[in-house]
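**Student:** Sequences listed follow chains A and B, in order. Going by the numbering used here, the first sequence opens with residue 177, and the numbers climb by one from there. Going by the numbering used here, the second sequence opens with residue 9, and the numbers climb by one from there.
Just so you know, these hints were derived from the structure itself, not from any lab. Accuracy of the hints is not assured; some may be wrong.
Said to hold, decoys possible - 25 angstroms max Cα-Cα, derived SDA-like pairs, lysine to any residue: (1) A:LYS442 - B:ALA78; (2) B:LYS245 - A:PRO454; (3) A:LYS378 - A:LEU349; (4) B:LYS245 - A:GLY293; (5) B:LYS191 - B:LEU117; (6) A:LYS378 - B:ALA78; (7) B:LYS191 - B:THR207; (8) A:LYS325 - A:LYS335; (9) B:LYS245 - A:ARG581; (10) A:LYS442 - B:GLY90.
Said to hold, decoys possible - From the structure, some residues in chain A lie toward chain B, with a derived Cβ separation under 10 angstroms: (11) SER294; (12) ALA396; (13) GLY400; (14) GLY459.
Claimed, not checked - To spell it out: a stretch of chain B is covered by chain A in this simulated footprint if at least three of its residues, at any positions, have a beta carbon under 8 angstroms from a beta carbon of chain A; those stretches are: (15) 156-162; (16) 234-245; (17) 255-261.
Backbone N, C-alpha and C fix where the C-beta goes; we use that ideal spot for every residue, glycine too.
Listed below are the residues making up each chain.
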Amino acid sequence: MDRNEFRDLYHDLRRGRITRRHFMAVTGLGVASAVVAACAPAASSPTPGPTAEPTPPPSEGATPAPTIDVNADWTPPEGVDLGDTLIMTTWPNYHDQKTLDRFKELTGVTVQLNIKGSNEEMLAELLVGGTGWDVLVPTNYTFETYGSKGIVEKLDLTKIPRFDASRYDQRLLSPAFYPAGSKDQYGFNKDWGTTGFTINTKQISTLLTTWKEFFERTQADLSGKVMIHDYQLTSIGSALVALGYSFNSVDDAELAKAEELLVAVKPHLFAITSDYQPAMRSGDAWMTMTWTNDAVQLHRDIPEIEYVIAADGGEIWSDFFAVVTGAPHREAAYAFLDFMATPKVAAQDAIFHGAPLIDSAAIALLPAEATGNKITYPDPASLTKLEFGTAELLTSQARADLWARVKSA
Amino acid sequence: MTSGNESAGARGRSRAVTALLLAPTSAWYLLLLIVPLIILLVFSLGARAPEGGYAPALQLDNYLELPTRATAFFNTLWMAAGGTMLCLLVGYPLAYYLATRAGTKRTLLLVLVVVPFWTSFLIRTYAWMTILGNQGIPAIAEGLGFGHMALINTPLAVMIGIVYNYLPLMVFPLYVSLERLDKRLLEASKDLGAGRLATFRQVTLPLSAAGLLSGAMLVFIPIMGEYVIPALLGGGKVFFVGNALVDLFLQSRNWPFGSAAAIVLILVILFAVTLYLRLGSRAGIQREVSIL
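Use the sequences and the hints to build the structure in full.
**Tutor:** Here is the structure:
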């Protein structure tokens, strides 16, 4: 069963169109619920990854086994006026509309998505101020700037009772603390992932394995069919990796080489965009720089689109939920964060977006086909060469100017 | 004496009324045109703050850096000039037909020219992404045996988007000037032995030149500042100065450099418009150009 069918079935169940027993049988969720039972109270796993081996489902008796039923776990805070709107600035293809609809059902708050293509785009508007944004989904390398500038607020954890740091991988959670190593927390993980590339194997028979090949073949047989992000971090970083340098380099000579490569590659690109799913789906492009979640979604719908984590390196990242300082709908923002910190909600959402989770309790709720998805949870060995973006890259003038020059070249 | 005093008072009052009536527009222009231009000028002489934005300074570095955006300026200029020319070539026959031959269908046809404006500009441009994408025209062409062609994210796609979007702005001023054209002049020209082509060149074209110039201006100036069409149909590869400005302000946060680029863009447009008007007046157009 693919995720779409699962989602539809789940929807049917909630609407009462099918019985819970039918749902459990068809989806195999009995297995997952058994895992939940085995893991509760959930212990934190050292690294995010596949959960324990599924155990046989308990026989269904008079009391039906629990399913991913959001209602049972989350209720809006009492005696707080949440208003009716919430503005979340986030990434393309990153939230299940059903999750947002559920939040509206429970609270009356409509979540408006504001989609950006890079953290730098978010920063540019946040520095000016008065954005009216409530919730932000920033990446690991932004917190030093956001914390020091007071752009996102130190989380009031009493307003996020469902969040429990012990369920999170501490290494992945750590970037949300500012100053680094302190107890002041500015966000918590939404998910993590990698920046690799997807290939339409129907069009490209010989698979590529490195960024070096990615940029070489873009200038050769794949000319006009390849996309890179409109994002200095990943596009410059991956070009640096292709040249044998660090993803995070700010060395002038190395950056000059990367600029040379990107300018040479540019005429051969199909597009420079961070919203690359449409062109991959339509067949306009055959290969693109890709984030994990997009890779999962593309592969789910078009199986011949495969994901590659480059063997020569690249980015590993984690995104967070954070509250923008001065958020006009602050109470709704915290309610939403608490909603998303609920394992069942996060798990349900992840079935759609496909990025790996960090909350061990949420991972335990995922169906086996989600945890067994090799794009979502790749072989740990493939991650060893990947690098987290460093804080200085967000504000580095050298990289910002380089990217602007490449784009206008 | 008394009557003189009275008239002076009346003149003073009328001047006060005029000032009062003009106050909103003046304030509007001052706040939203003059002040921003001054800010832009000040910013363009400044430096980029460490994490982006503006830091006070007095230097010309930003202007000296402008040659790195030469491609964007070049793209903008030739696409704006070419787009204006294409709009003219496509729009003139249409305007001529509407003004002289359409007869009873005229109103209907005029409405049809306006109909696209009923849908948002953005949505119409998005629609072109599908039409020009691989599953649109290229797929049809391939089916007809023309081989593979790439349309979307090329300069041609941007040009199609420009002509499509700006054509009505060219057609209407042309239509107005052609509609006012005195038919007896054409008959006179014919009576005096001029052929169709000579009549067009010596009578119709000069008399519609005012509409032609306003149309050209209405099309050329906004294309110079175009951002959306190259962003959507150019795939981030066909780059206008407008796209460079968005990048500089909204991604790399180099406001001073962005301000310098914006100032130079304004100067380039002013220069081009002056050139247009000069050419127009040399061609003997005495009539007022309606938008100026």
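**Student:** For each hint, tell me whether it holds in the structure or not.
**Tutor:** Status of the hints after comparison with the structure:
no.: 1; hint: A:LYS442 - B:ALA78; result: holds (16 angstroms)
no.: 2; hint: B:LYS245 - A:PRO454; result: holds (17 angstroms)
no.: 3; hint: A:LYS378 - A:LEU349; result: violated (39 angstroms)
no.: 4; hint: B:LYS245 - A:GLY293; result: holds (16 angstroms)
no.: 5; hint: B:LYS191 - B:LEU117; result: holds (21 angstroms)
no.: 6; hint: A:LYS378 - B:ALA78; result: violated (40 angstroms)
no.: 7; hint: B:LYS191 - B:THR207; result: holds (12 angstroms)
no.: 8; hint: A:LYS325 - A:LYS335; result: holds (23 angstroms)
no.: 9; hint: B:LYS245 - A:ARG581; result: holds (12 angstroms)
no.: 10; hint: A:LYS442 - B:GLY90; result: holds (24 angstroms)
no.: 11; hint: SER294; result: holds (7 angstroms)
no.: 12; hint: ALA396; result: violated (17 angstroms)
no.: 13; hint: GLY400; result: holds (6 angstroms)
no.: 14; hint: GLY459; result: holds (5 angstroms)
no.: 15; hint: 156-162; result: holds (count 3)
no.: 16; hint: 234-245; result: holds (count 3)
no.: 17; hint: 255-261; result: holds (count 7)
The structure shown violates the earlier hints numbered 3, 6, 12.
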